[in-house]
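Novice: Whenever a hint applies, use it, and build me the whole structure from the sequences.
Chains A and B, in that order, are what the protein sequence lines are. Residue numbers are given in the numbering used here: position 88 of the first sequence equals residue 88, and the series is strictly consecutive. To convert, count from 1 in the second sequence and add 242; that's the numbering used here.
These are computed hints drawn from the structure, not numbers from a lab. Some hints here could point you the wrong way.
Derived lysine-lysine pairs resembling BS3-like cross-links, with alpha carbons at most 27 angstroms apart [what the hints assert, rightly or not]: (1) A:Lys199 x B:Lys374; (2) A:Lys199 x B:Lys389; (3) B:Lys374 x A:Lys206; (4) B:Lys322 x B:Lys337; (5) A:Lys210 x A:Lys237; (6) B:Lys374 x A:Lys163.
Partner residues aside, some chain B positions facing chain A, computed with beta carbon under 8 angstroms [stated by the list, open to error]: (7) Leu266; (8) Thr463; (9) Thr489.
Each residue gets a CB set at the ideal place from its N, CA and C atoms; glycine is no exception.
Read off the chains here:
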Amino acid sequence: MKLDVTYRVFGDHAVLLDWSPQINEQTHGWVLQIDHWLLLNFKNDIVETVRTYHSIAIYLHRDIVPQEFIQLIKTTTFIPSTTNNENTYLITIPVCYESSLAIDMDEVVRVSGLSSEHVVSLHTKVIYTIFFMGFLPGFPYLGGLTKELFIPRRDSPRSSIDKGSVAIGGVQTGIYPSNSPGGWHVIGKTPLVIFDINKSEPSIFKGVEKVQFRSISLTEFQSISSQVAAGKYSLEKEVWRG
Amino acid sequence: MVRLLTSGLYTSIQDGGRFGYRSLGVPISGAMDHRAMMLSNVLVGNPVNTAVMECTLQGPSLVFNVDATIAITGAHFAPKVNRKNVDLNTILIVKKGDMLTLGTSEVGVYGYVAVQGGWNMDQVLGSVSQFKGISSMPRLVKGAVLKVGRHSHLNKHDHIEAFAISSKTHIDAYAGPEFGVLTKREQMALEQTEFYVGRESNRMAYRLTHDIIINAPEIITAPVQPGTVQLTPSGDLMVLMRDAQTTGGYARVLQLTNHAVDVLSQKRSEETIRFNILT
Chain A
1 MKLDVTYRVF
11 GDHAVLLDWS
21 PQINEQTHGW
31 VLQIDHWLLL
41 NFKNDIVETV
51 RTYHSIAIYL
61 HRDIVPQEFI
71 QLIKTTTFIP
81 STTNNENTYL
91 ITIPVCYESS
101 LAIDMDEVVR
111 VSGLSSEHVV
121 SLHTKVIYTI
131 FFMGFLPGFP
141 YLGGLTKELF
151 IPRRDSPRSS
161 IDKGSVAIGG
171 VQTGIYPSNS
181 PGGWHVIGKT
191 PLVIFDINKS
201 EPSIFKGVEK
211 VQFRSISLTE
221 FQSISSQVAA
231 GKYSLEKEVW
241 RG
Chain B
243 MVRLLTSGLY
253 TSIQDGGRFG
263 YRSLGVPISG
273 AMDHRAMMLS
283 NVLVGNPVNT
293 AVMECTLQGP
303 SLVFNVDATI
313 AITGAHFAPK
323 VNRKNVDLNT
333 ILIVKKGDML
343 TLGTSEVGVY
353 GYVAVQGGWN
363 MDQVLGSVSQ
373 FKGISSMPRL
383 VKGAVLKVGR
393 HSHLNKHDHI
403 EAFAISSKTH
413 IDAYAGPEFG
423 VLTKREQMAL
433 EQTEFYVGRE
443 SNRMAYRLTH
453 DIIINAPEII
463 TAPVQPGTVQ
473 LTPSGDLMVL
483 MRDAQTTGGY
493 ARVLQLTNHA
503 VDVLSQKRSE
513 ETIRFNILT
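Specialist: See below:
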């Protein structure tokens, strides 16, 4: 595999692949492709991988020597795969942006100089890319936020942000899968449970999807909440064709 | 059945860890001191990664409602069965109705109680390790009732000599991905400084206090693992431990060896350590 990548040993049983440090779709595309290729071709050596914007950590079985694994992947021909493109879904997440569920909307309005209606329309018009999952079990790092909504994180993080909160922070937006401290600005809430440990697939995201938010009323929020609780809600999901 | 009369400071069931879900942001968890966990299991004849009870500084009191074969390893608690002192690092036979009291640790932080057959608990994502947000109970509380698993058929060992938690103050580490961001002076300071283990240390991270001038800019969020040493722009040093997040935005200046994570886990607040940087 000859690519613009640095290969490093990362502790006793791991290897780190790094592209040049930047957040963009092109690097993300490479990271996705190589991650997929690694998991497909070296599944006997790899316990699991963690990918981020421009890195992949490859956690190896204990009997695998990281230096040797680096040699192995360097000398194996990388064949780009098309299969992971076929399975990209666009998932629509309903979000209620009404003030009772948007504790930081006033602050966002003040800092951005936009009206709350404008904030909602900017936040819902974009199709976001899940760059990776991290921070909390099931937390998607979403890229693609419009510039007008770039707002520095809160100076002091809140000690508890409600599960389902939709927030913006810096150049990113995300959904809190569980109650957690956090430094992003909460601008709404989804009635969906995005991470449920009692399901065989606990996370509604695998980390390769596209996401769009849809604005809903408080009444709709309550109605979807009860559907979710009754196990009767079906996720709005369609194949993404770029 | 075994019941907790008191819970101790922070007592939980841990095993070798939860693998396969880090890409979803799920930490691996598992015993803080793997070596001590494995030893306790070897003593009672369990597979090495069988679920054990992890006790922190102040241990719980347990009442056994079954006969059981147990072993206690790790930090130097002062365990008693029915108010009579018992040894660490050896096999112990407890009878139905016996009470085990762990007491307070005099040396080290984490102690392990293994029971032959293992502590029975529902697996979540392939592991019984208790973790907030994953397990229905993030840790064991007073009154909790645990079941003992079926006996395994491995050879048990009566006693293992020459096992003590490490008194080494040198912590072996590799240069981390951002080690090169540091100046030569900072790199040397990292190796030559005596760091104190801070009070705000827990299963997620150990904080190291110091008075040297060292810092690094934030990075674009990237993978981290247990043993990653993070340095913040304001100069805070944190060593990520078993419940660490899977990704982080601080400079990763060092990466501990697996064994060094075990050694560090047993250091109490105000104890000192030095890094030994491997080349």
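Novice: Evaluate each hint against the coordinates.
Specialist: Hints, verified against the model:
1. A:Lys199 x B:Lys374: holds, 17 angstroms
2. A:Lys199 x B:Lys389: OK: Lys199 (chain A) and Lys389 (chain B) at ~25 angstroms, within 27 angstroms.
3. B:Lys374 x A:Lys206: holds, 21 angstroms
4. B:Lys322 x B:Lys337: Distance of about 13 angstroms is within 27 angstroms: holds.
5. A:Lys210 x A:Lys237: Since the Cα atoms of Lys210 (chain A) and Lys237 (chain A) sit roughly 10 angstroms apart, the hinted pair holds (cutoff 27 angstroms).
6. B:Lys374 x A:Lys163: Holds, at about 14 angstroms.
7. Leu266: holds, 5 angstroms
8. Thr463: Holds: closest Cβ of chain A sits about 5 angstroms from Thr463 (chain B), inside 8 angstroms.
9. Thr489: With Cβ-Cβ at 3 angstroms, under 8 angstroms, it holds.
Every hint, counting from the list given before, is met by this structure.
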